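Using the sequences and the hints, build the whole thing.
Next come the chains, spelled out residue by residue.
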Amino acid sequence: MDFDGDQIEKLRPKIRYKVCYEVGFYSADVDDIVQETIARFFVATREEKIHNPAAAGAFLNGICRNVISEYRRRNMRDEPMPEIVPEPPTKTLPATDLFDLREAIAQGLGQLSERDRRILKSFYLEEKSKEEILRDTGMTDENFRVVLCRAKERFRAIFVEQTKHRAASRH
Amino acid sequence: MEFHSDPVFREEIIRRYLGRALDVRTAEAWENHYLECDECFEEIRATELLIQALGEPAVERRRVNDVTIYRFAPGTQLLATSLELSELTKAVRLETDTKVLIDLSKVSRIDSTGLGVLMNCYCHAVKNAGVLKLLNPDAPVRRVLSVTKIDSLLQTFEDEAAAIESFH
Numbered sequence: 030m031d032f033d034g035d036q037i038e039k040l041r042p043k044i045r046y047k048v049c050y051e052v053g054f055y056s057a058d059v060d061d062i063v064q065e066t067i068a069r070f071f072v073a074t075r076e077e078k079i080h081n082p083a084a085a086g087a088f089l090n091g092i093c094r095n096v097i098s099e100y101r102r103r104n105m106r107d108e109p110m111p112e113i114v115p116e117p118p119t120k121t122l123p124a125t126d127l128f129d130l131r132e133a134i135a136q137g138l139g140q141l142s143e144r145d146r147r148i149l150k151s152f153y154l155e156e157k158s159k160e161e162i163l164r165d166t167g168m169t170d171e172n173f174r175v176v177l178c179r180a181k182e183r184f185r186a187i188f189v190e191q192t193k194h195r196a197a198s199r200h
Numbered sequence: 040m041e042f043h044s045d046p047v048f049r050e051e052i053i054r055r056y057l058g059r060a061l062d063v064r065t066a067e068a069w070e071n072h073y074l075e076c077d078e079c080f081e082e083i084r085a086t087e088l089l090i091q092a093l094g095e096p097a098v099e100r101r102r103v104n105d106v107t108i109y110r111f112a113p114g115t116q117l118l119a120t121s122l123e124l125s126e127l128t129k130a131v132r133l134e135t136d137t138k139v140l141i142d143l144s145k146v147s148r149i150d151s152t153g154l155g156v157l158m159n160c161y162c163h164a165v166k167n168a169g170v171l172k173l174l175n176p177d178a179p180v181r182r183v184l185s186v187t188k189i190d191s192l193l194q195t196f197e198d199e200a201a202a203i204e205s206f207h
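Those protein sequence lines, which keep their order, are chains A and B. Plus 29 on top of the position in the first sequence (first one is 1) and you've got my numbering. Plus 39 on top of the position in the second sequence (first one is 1) and you've got my numbering.
What the hints contain is simulated information worked out from the structure, not anything from laboratory work. What you are looking at is a predicted structure, and each value in this text was computed from that prediction instead of being measured. Just so it is clear, CB atoms sit at the ideal spot from N, CA and C, and this is done for glycine as well. There could be a bad hint or two in this list.
Unchecked claim - Stretch by stretch, here's where chain B covers chain A in the computed footprint (C-beta under 8 Å, at least three residues):
no.: 1; region: 76-90
no.: 2; region: 98-106
no.: 3; region: 144-153
no.: 4; region: 174-186
Unchecked claim - With a Cα cut of at most 30 Å, we get these calculated BS3-like pairs of lysine-lysine:
no.: 5; chain 1: A; residue 1: Lys-157; chain 2: B; residue 2: Lys-145
no.: 6; chain 1: B; residue 1: Lys-188; chain 2: B; residue 2: Lys-129
no.: 7; chain 1: B; residue 1: Lys-166; chain 2: B; residue 2: Lys-138
no.: 8; chain 1: B; residue 1: Lys-145; chain 2: B; residue 2: Lys-172
no.: 9; chain 1: B; residue 1: Lys-129; chain 2: B; residue 2: Lys-172
no.: 10; chain 1: A; residue 1: Lys-39; chain 2: A; residue 2: Lys-78
no.: 11; chain 1: B; residue 1: Lys-145; chain 2: B; residue 2: Lys-166
no.: 12; chain 1: B; residue 1: Lys-129; chain 2: A; residue 2: Lys-193
no.: 13; chain 1: B; residue 1: Lys-145; chain 2: B; residue 2: Lys-129
no.: 14; chain 1: B; residue 1: Lys-129; chain 2: A; residue 2: Lys-150
no.: 15; chain 1: B; residue 1: Lys-145; chain 2: A; residue 2: Lys-150
no.: 16; chain 1: B; residue 1: Lys-166; chain 2: B; residue 2: Lys-188
Structure below.
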């Protein structure tokens, strides 16, 4: 199994997300962990250590977990953190991008009807099950799916647009 | 585990993953999957945005005598991506209040963008011959205000009555 540079680069945002999820979105070490994971994965593919190509994601996840565990062990050995942790120079979005993102999110929300918002809030924020929502609102399973898919469609478009915009501004 | 068979099931998985409510085995299976699947990765990011939007930027505005008090919902984080920041900026800039008190008691975290917005609001108030003060910041926020020395510029109070009294 062989991964070329482009395929590895396509994996980077996903690994980065997984690492952020584990160590925190504001950790200054995120990029180091991602890079180490990718390097080990790259070596493993070159040495043909992935025996089951259908489970490449699991293999990559395993490597990532190992790197994170090592990072945590190393942190615990090191000196305790200072009481006031200076804000790390994370790669936050530029102010204009953040403004655009906030505007896009607000616009996406504005396109949802009051009823749709109520249903989505019940599902995502109040963590009600589909069955509970159907019972409470009297809507059909099909209607619920339409509401959910329509909202996701809009917000997926926002995410894709933002990703494209950021990629374009990097070049 | 099949994640593509039912969109609602997948959304439940994503919702619980984001809320860190998945059991270890399911979370691992989900991570194994999305690391390989572009579609599901996009779905996670889209759900994050949707949840962020639904979390409504709640900035409550009320008046006590001639003092306008802004207050946030519990657990608010004034970070670069927070919609509350836009709401606060809009509220402070569009109104003509000259005595503004921002209640930070429910704000759990603030970053440099949040501080920047507070400073912008402060500058706007000063330009309009107004005053802006802060009320009851939580310990982490207080620390940030102290480290950045913003607390030496923006008067901070522990008690709402005392803060209101200080405007007169």
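Hints, one by one, checked against the model:
| no. | hint | in the structure |
| --- | --- | --- |
| 1 | 76-90 | holds (count 6) |
| 2 | 98-106 | violated (count 0) |
| 3 | 144-153 | holds (count 5) |
| 4 | 174-186 | holds (count 7) |
| 5 | A:Lys-157 <-> B:Lys-145 | holds (25 Å) |
| 6 | B:Lys-188 <-> B:Lys-129 | holds (25 Å) |
| 7 | B:Lys-166 <-> B:Lys-138 | holds (12 Å) |
| 8 | B:Lys-145 <-> B:Lys-172 | holds (16 Å) |
| 9 | B:Lys-129 <-> B:Lys-172 | holds (17 Å) |
| 10 | A:Lys-39 <-> A:Lys-78 | holds (21 Å) |
| 11 | B:Lys-145 <-> B:Lys-166 | holds (28 Å) |
| 12 | B:Lys-129 <-> A:Lys-193 | holds (28 Å) |
| 13 | B:Lys-145 <-> B:Lys-129 | holds (20 Å) |
| 14 | B:Lys-129 <-> A:Lys-150 | holds (24 Å) |
| 15 | B:Lys-145 <-> A:Lys-150 | holds (21 Å) |
| 16 | B:Lys-166 <-> B:Lys-188 | holds (21 Å) |
Consistency with the previously given hints fails for number 2 only.
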